[in-house]
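Enquirer: Heads up: the protein sequence lines correspond to chains Y and U, in order. Note that our numbering has the first sequence beginning at 1, numbered continuously upward. Note that our numbering has the second sequence beginning at 1001, numbered continuously upward.
Heads up, some of the hints might be wrong.
Which bits of chain Y does chain U cover? Going by a derived footprint, with three or more residues having C-beta under 8 Å, they are [stated by the list, open to error]:
(1) 90-102
(2) 130-143
(3) 231-238
In silico lysine-lysine, DSS-like type, Cα no more than 25 Å apart, as pairs [claimed, not checked]:
(4) U:Lys1203 - Y:Lys197
(5) U:Lys1203 - Y:Lys236
(6) U:Lys1236 - Y:Lys203
(7) U:Lys1145 - Y:Lys203
(8) Y:Lys236 - Y:Lys182
(9) Y:Lys203 - U:Lys1256
(10) U:Lys1154 - U:Lys1182
(11) Y:Lys203 - U:Lys1203
(12) Y:Lys197 - U:Lys1256
For the record, the hints were derived by calculation from the structure and aren't laboratory data. All residues carry an ideal CB built from backbone N, CA and C; glycine is no exception.
Below are the chains, spelled out letter by letter.
There are 2 protein chains.
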Amino acid sequence: METILSTQNSRVKEWEKLKTKKGRRKTGLYLLEGRHLVSEALQSTAKIDYVVSTQEELDAVTFEVPTTNLVVISQKIAERLSDTVTTQGIFAIVQIPNQQRQIEKPVDQITGSWLFLDNIQDPGNIGTMVRTADAAGFVGVVFGKGTADIFNPKVQRAMQGSQFHIRLILGDLTTWAQSFQKAQIPVYGTELNPEAKSYQDIKRTQNFALIMGNEGNGMSEELLKLTTSNLYIPIKGQAESLNVAVAAGILMFSLKDI
Amino acid sequence: METILSTQNSRVKEWEKLKTKKGRRKTGLYLLEGRHLVSEALQSTAKIDYVVSTQEELDAVTFEVPTTNLVVISQKIAERLSDTVTTQGIFAIVQIPNQQRQIEKPVDQITGSWLFLDNIQDPGNIGTMVRTADAAGFVGVVFGKGTADIFNPKVQRAMQGSQFHIRLILGDLTTWAQSFQKAQIPVYGTELNPEAKSYQDIKRTQNFALIMGNEGNGMSEELLKLTTSNLYIPIKGQAESLNVAVAAGILMFSLKDI
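In isolation and in its complexed conformation, chain Y is listed as follows (with noise of 0.2 Å):
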């Protein structure tokens, strides 16, 4: 165990650039905060190089924290590694799976329900889908071309350890869903167009992956031509729109048979 009181120290730096995607790619690192989710780090089979935190949160912890690789810090330094606006003042430095730092290529043997993320901006929805995509029972969540990345801190919060208990993976996602369109696994757009069929419409299914597009645009328009269906909720009243994480719940929820 080690203290640092300190925030010119230069491992304060190094960890505070791993706020950044840049800081992230360089050293294959990145920055988890908060009890339940270094909690949630320490009982998975994540690497973790530093479980770093202040003292008064080591005290009020309830779960162990092991104190090989454990850095004490102070609260200024925890106000600089934090991404909240009251931090907890505990962090861990948590190693970027190799899997998870390059595209994966899909699956052989597709099962199960898929969520895929279409240049989605938001990291606080990225978030909210991956832990819904947990709840409903989905097997892994791929994250394509535009999407916030997986190990932006405001998107590893708001997954609240889900990201720990699904597979989640960097795809290209045309051809993903070529893949499943071979296995005669459904593949469910949410583009509005003429064709679009009401969710409730559709039986629920085990096997199957759901398209959510962008915040404003939709999906692309070359993922929309690989769509078994496009799907689209009923809106009743006057809004114009359900925000996307919203949407990702109602019809995750309604097509995963269970």
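Mind docking chain U on chain Y? Use the hints.
Expert: Relative to chain Y, chain U alone:
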């Protein structure tokens, strides 16, 4: 039409105060931000004191802005008034309707579907739930004790215009629930307890109330006693819970008769 260029202008300072609850209570005014919301407000019956905008934004908008009570401001002032990272530069100063300044009694003839918000903290969650209630064809949303203020800029923004489509009421949820029970209209709670029913076992209806509780602590004990049934969403994976706005979306779209 007038022009204000100094951030030290007394009216700018007054408007800036509308970001706080205190400032809103003192003046009976609130601040709306962004193209979409200002456009919706102009089309609604809302009483608008001023439209405040940068010249650049005025040149860009596609809707008509009446020149009476139009105030042109500098980019610096827009940034002062803004609650966003990159402001569009257009605002409306709007009167808080009389009925939304005080606790309202339950409606006499209850019809339609209602959402009750019990001690919900996150402005984004609240706004998203109002937007979803609108999309699902709900009649109104009752803001109970502890729930963030209807006129909080973050709440207003997340509603995306639905504040002009459905009824938003400050209410004592106990009185409201009692009134629904008396009229034999179901009140659904969302507190996990051994007697909770799966939402999928509930028949769709037109007239009911759905209560969503605090993000961390759930519904209040008192309110729990006044529910017809408590509902839960079966979790299939390892996630501990759903985001409250996602859960509300799944329930609203599943409970309401279509």
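Enquirer: Holds or violated: are the alpha carbons of Lys1236 (chain U) and Lys203 (chain Y) at most 25 Å from each other?
Expert: holds (19 Å)
Enquirer: Just to make sure I understand the rule, a stretch counts as covered if three or more of its residues have a C-beta closer than 8 Å to a C-beta of the chain. Does the segment 231-238 of chain Y meet that for chain U?
Expert: holds (count 6)
Enquirer: Between the alpha carbons of Lys203 (chain Y) and Lys1256 (chain U), is the straight-line distance 25 Å or under?
Expert: Holds. Lys203 (chain Y) to Lys1256 (chain U) sits at ~20 Å (cutoff 25 Å).
Enquirer: Mind checking the alpha carbons of Lys1203 (chain U) and Lys236 (chain Y) for me, to see if they're no more than 25 Å apart?
Expert: holds (19 Å)
Enquirer: Hinted pair, alpha-carbon criterion (25 Å max): Lys203 (chain Y), Lys1203 (chain U). Please report holds or violated.
Expert: holds (19 Å)
Enquirer: For Lys197 (chain Y) and Lys1256 (chain U), compute the direct alpha-carbon distance and say whether it is at most 25 Å.
Expert: holds (19 Å)
Enquirer: With a cut-off of 25 Å on the C-alpha distance, tell me whether Lys236 (chain Y) and Lys182 (chain Y) pass.
Expert: At roughly 36 Å apart (the allowed maximum being 25 Å), Lys182 (chain Y) and Lys236 (chain Y) break the hint.
Enquirer: Taking 8 Å as the Cβ threshold, is the statement that the segment 130-143 of chain Y is covered by chain U upheld or broken by the three-residue rule?
Expert: With 8 residues close enough to chain U, the hint holds.
Enquirer: Hinted pair, alpha-carbon criterion (25 Å max): Lys1203 (chain U), Lys197 (chain Y). Please report holds or violated.
Expert: holds (23 Å)
Enquirer: Take a quick look at whether Lys1145 (chain U) and Lys203 (chain Y) sit within 25 Å of each other, Cα to Cα.
Expert: Not OK: Lys1145 (chain U) and Lys203 (chain Y) at ~41 Å, beyond 25 Å, violated.
Enquirer: Below or equal to 25 Å on CA atoms is what counts here, so check Lys1154 (chain U) against Lys1182 (chain U).
Expert: violated (35 Å)
Enquirer: How does the segment 90-102 of chain Y fare against chain U when you require at least three residues with a CB closer than 8 Å, holds or violated?
Expert: violated (count 0)
When held up to the earlier numbered hints, the structure conflicts with 1, 7, 8, 10 and fits the remainder.
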